[in-house]
Structure formats: structure tokens, C-alpha cells
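Trainee: So you can see what is in the structure, the chains are spelled out below.
Protein chains: 2
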Amino acid sequence: MRVRQLCPRLVVSDARRAIEFYRRALGAEETMRYAGKDGTVAHAELDLGGFILAVKDESEDDPSPTSLGGTPVQVGMRVTDVDAAAQAMVAAGATVVLPIADRPYGQRDGRLADPFGHIWVLSQQI
Amino acid sequence: MRVRQLCPRLVVSDARRAIEFYRRALGAEETMRYAGKDGTVAHAELDLGGFILAVKDESEDDPSPTSLGGTPVQVGMRVTDVDAAAQAMVAAGATVVLPIADRPYGQRDGRLADPFGHIWVLSQQI
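Protein sequence lines correspond, in order, to chains A and B.
Residue 70 in my numbering sits at position 80 of the first sequence; the count goes up by one each step and never skips.
Residue 58 in my numbering sits at position 68 of the second sequence; the count goes up by one each step and never skips.
No wet-lab data here; the hints were simulated from the structure.
It is possible that part of the hints are untrue.
Intra- or inter-copy, both count: the list cannot distinguish identical chains.
Claimed, not checked - Within a straight-line C-alpha distance of at most 25 angstroms, the following computed SDA-like cross-link-like pairs (lysine to any residue) qualify:
#1 Lys27 / Gln(-5)
#2 Lys27 / Phe41
#3 Lys27 / Val111
#4 Lys27 / Ala78
#5 Lys27 / Gly83
#6 Lys27 / Pro89
#7 Lys27 / Gln77
#8 Lys27 / Val(-7)
#9 Lys27 / Gly39
#10 Lys27 / Asp73
#11 Lys27 / Thr70
#12 Lys27 / Val87
Source: prediction; values computed, not measured.
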């Protein structure tokens, strides 16, 4: 048994707006979208520099961070320029939870909350 | 700005037990562990067939699925043998949320909840 892919699957309160946000903020490219009833997004996949991020609208079984009041899973994203990545996210509407700074464990990192309540840990090796 | 890595960072109520579960259930290998105060796990990384899964103990800022009462992020794992993967997870203590079955969209998949409240979507291309 081999692992072919491991990806975060984000549930959001408004998938169409969220996908637009991830495109503008992260340069993500949408590669797949399945529509659910009522025009909701049942499953969409975004390509983020060769990695996959899945996004879907919330439902009875799948609450969003807004409905739950938080999230127990952060999305860790390591990039080549963490300051540029954080600036692009903030420009698109994210808020800073922990500012980007050099850390004693050898990386420059910080945390941002996207407009849909998901928490991103952005980092860069230094 | 290029993306070097995208990984789910799971907050759990007992990281040491959770890491042991992910090792037994998924064949994950621990590659890094930072201890926090009181012997808690501040950050650990597991290698899952070349993909990274991060795990940490909950804290005031980071609630676990147990504390929150759910999760708005599922971990999507595509494998070469989804039935074997699901059986191994169940044998290690996971529970079936949606049984593994062939789906009309061309994959065989299902959902499991691990003992720490994280939801796994296991899939295999058919």
C-alpha cells in the first residue's frame, strides 16, 4: 500500500468566494469542480505549486470553521518567500494571527487567518 | 514565490498517543519532534510515503477536534489499496464514517474517524 497523495480538504461557508480568494491570494489554479445541489460546490481541487488543496461548501455532515467556531487543523505552507506570500494573503483579505518573524528553530514563519476561518502557517527555511 | 510544501497540521488531545496511532495505522515515520512545556508535543512531523503530516498537542490557541466538537478540515489520502488502508486504520482503532465503496465519479473511497477526532477521506483511482 503506497500513498499517492495527502491533501487538506477545507470546508468553507462559501466555496465559490473561497476559491476566488485562494486564486488571488495564493495563485492557486482550479483543476476540478463538482457542483452539488443548489449550485453549491461538492468538491473542488486547486493546484498550489504542484500541491493539491481541496475545497467544498459546508453541509450537515461537514461544518465550516464559521459554524464550529474554529479549526483543529492548520494548513502548513512552506514557500520560497514567506513575506511576499503573507503580503499577498493580507492584500486579498486575510488577517495576521502571528506576524512573520525569524524563529529560534531556524525558520521564518507566521500565522494568518483567511476570510473563511482557516488558519495558515506560512514558513520559509532560513 | 514558489510553494515547497503543503501539509495538514493536526491538533490533537494527546499527541504522543496520536503519533503512535498514525505509525501503527498508516505506517507513518516520525522525522521530527519538538517538546513543549510539561512534556507536551509542540510540533512533530511524520513522513507518510513521502508526504508530511504535522501533529501537535492542543493548547489555549489550538483546540483539538475533541474540544471543538468536530473539524472543518478533512485529511485526503489517496493510496494504491484503499481497502487495505481502511482495514489497517480500523484495526488500530479508527471508526468507519462512510464505508469504502466504488463511487460514480471514478474512484473507490470512504471516510474514517481516527481516535482523536480527525476525519480521513481515503481514496483509490479505479
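Trainee: Confirm or reject each hint.
Mentor: To see whether the hints hold, each was checked on the structure:
| no. | hint | result |
| --- | --- | --- |
| 1 | Lys27 / Gln(-5) | neither (28 angstroms within a copy, 33 angstroms between copies) |
| 2 | Lys27 / Phe41 | neither (28 angstroms within a copy, 33 angstroms between copies) |
| 3 | Lys27 / Val111 | between (33 angstroms within a copy, 21 angstroms between copies) |
| 4 | Lys27 / Ala78 | neither (33 angstroms within a copy, 34 angstroms between copies) |
| 5 | Lys27 / Gly83 | neither (28 angstroms within a copy, 34 angstroms between copies) |
| 6 | Lys27 / Pro89 | between (40 angstroms within a copy, 22 angstroms between copies) |
| 7 | Lys27 / Gln77 | neither (36 angstroms within a copy, 32 angstroms between copies) |
| 8 | Lys27 / Val(-7) | neither (31 angstroms within a copy, 33 angstroms between copies) |
| 9 | Lys27 / Gly39 | neither (30 angstroms within a copy, 36 angstroms between copies) |
| 10 | Lys27 / Asp73 | neither (39 angstroms within a copy, 29 angstroms between copies) |
| 11 | Lys27 / Thr70 | neither (39 angstroms within a copy, 31 angstroms between copies) |
| 12 | Lys27 / Val87 | between (35 angstroms within a copy, 22 angstroms between copies) |
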